[in-house]
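Colleague: Sequence:
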Amino acid sequence: MIDIPLTIRPARETDLLVIVEMLADDPLGAMREDLRAPLPEPYRAAFSAIESDPNQLLVVAERKGAVVGTLQLSFLPGLARQGAWRGQIEAVRIARDYRGGKLGEAMFARAISECRARGCSLVQLTTDKARPDAHRFYDRLGFEPTHVGYKLKL
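Going letter by letter, the sequence shown gives residues 274 to 427 in the working numbering.
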């Protein structure tokens, strides 16, 4: 088997549709995302806000010119833990045909490296209770389920 190189790079606006398609490609995402053409303006506004914020990094994984994964990394300053910065990983997705091929591990290695480079002392994430495969993946990477998360829909 030939190992095809994976490129992990900052997302571009031209990647937006495929990112939203990946976000929508599961039972939870299908209820949350809107794939109308053209893509609704709030997606473009959110992309612009992320792109212009130095504490946000939206990346895509690319193989043979195709976007096959994405995640968003937020850098959060805080007073707790002696003024520690945290890296928050969100919206992790791998394209359906590429799941199980270690792409997620490569993307997390890059995200954790970015966090270290920015002086973060902690990397955290949230995951829906309905995603047991994701839980096993995060466990395998060494993340620990130490907290309970709550959300309030507005």
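Bear in mind the hints are in silico, worked out from the structure with no lab data behind them. Quick reminder that beta carbons are idealized off the backbone N, C-alpha and C, glycines included. Warning: the hint list may mix true and false statements.
Unchecked claim - For each label pair, taking beta carbons as the anchor points, the in silico distance ranges come out as: (1) ARG404 - ASP307: 16 to 22 Å; (2) ARG354 - PRO278: 17 to 23 Å; (3) ARG336 - GLY415: 20 to 26 Å; (4) PRO315 - ARG389: 29 to 35 Å; (5) HIS408 - TYR371: 28 to 34 Å.
Colleague: Against this structure, judge whether each hint is valid.
Modeller: Going through the hints against the structure:
1. ARG404 - ASP307: 16 to 22 Å: Between ARG404 and ASP307, where Cβ atoms are some 21 Å apart, the hint holds.
2. ARG354 - PRO278: 17 to 23 Å: violated (37 Å)
3. ARG336 - GLY415: 20 to 26 Å: holds (25 Å)
4. PRO315 - ARG389: 29 to 35 Å: Taking Cβ atoms as reference, PRO315 and ARG389 lie about 33 Å apart, which means the hint holds.
5. HIS408 - TYR371: 28 to 34 Å: violated (20 Å)
Checked against the numbered hints given earlier, this structure breaks hints 2 and 5; the rest are met.
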